[in-house]
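J.: Sequence:
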Amino acid sequence: MKGLLVSVHVLVVLMMPILMIGLVNRTKSLWAGRKGPGLVQFAWDLRRLLRKQPVYSTAITPLFRAGAWVVLASSLLAALIAPILVTWPRSSSVTTSFSLPTRSGWRASF
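Following the numbering used here, the numbering of the sequence shown begins with 1 at its first residue and continues without gaps.
Bear in mind the hints are in silico, worked out from the structure with no lab data behind them.
All C-beta atoms in this analysis are idealised placements derived from N, C-alpha and C, irrespective of residue type, glycine included.
The calculated label-pair distances, taken between Cβ atoms and stated as ranges, are:
no., residue 1, residue 2, range
1, A78, G38, 24 to 30 Å
2, V6, A32, 37 to 43 Å
3, L4, S57, 43 to 49 Å
Full structure from sequences and hints, please.
T.: In structure tokens:
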């Protein structure tokens with residue numbers, strides 16, 4: 001069950017940005033009075049762009065080439081750490097604890 005949730009989580013993390021960009025583009029087009037692109041048009045554009053060979057200047061450093069990979073890796077790591085699909089404990093007493101700042105210090109609230 002946990003493996004299925006992890007697989008669905010990864011699928012949501014990879015597909016949601018593409019669908020959200022499609023939804024935003026479609027909504028902007030509809031508000032402008034046009035039909036607009038399909039929801040997955042950005043996915044086709046991204047697929048086409050990923051097939052192209054990168055063009056680098058001879059004056060760039062390896063740090064410049066690694067920059068895009070560092071941003072991609074850190075974004076995926078952050079997305080995989082944040083839970084989207086959660087399995088709640090079976091007990092009925094689920095509580096969340098957080099603290100609020102006050103003038104005299106931090107106060108725990110439930």
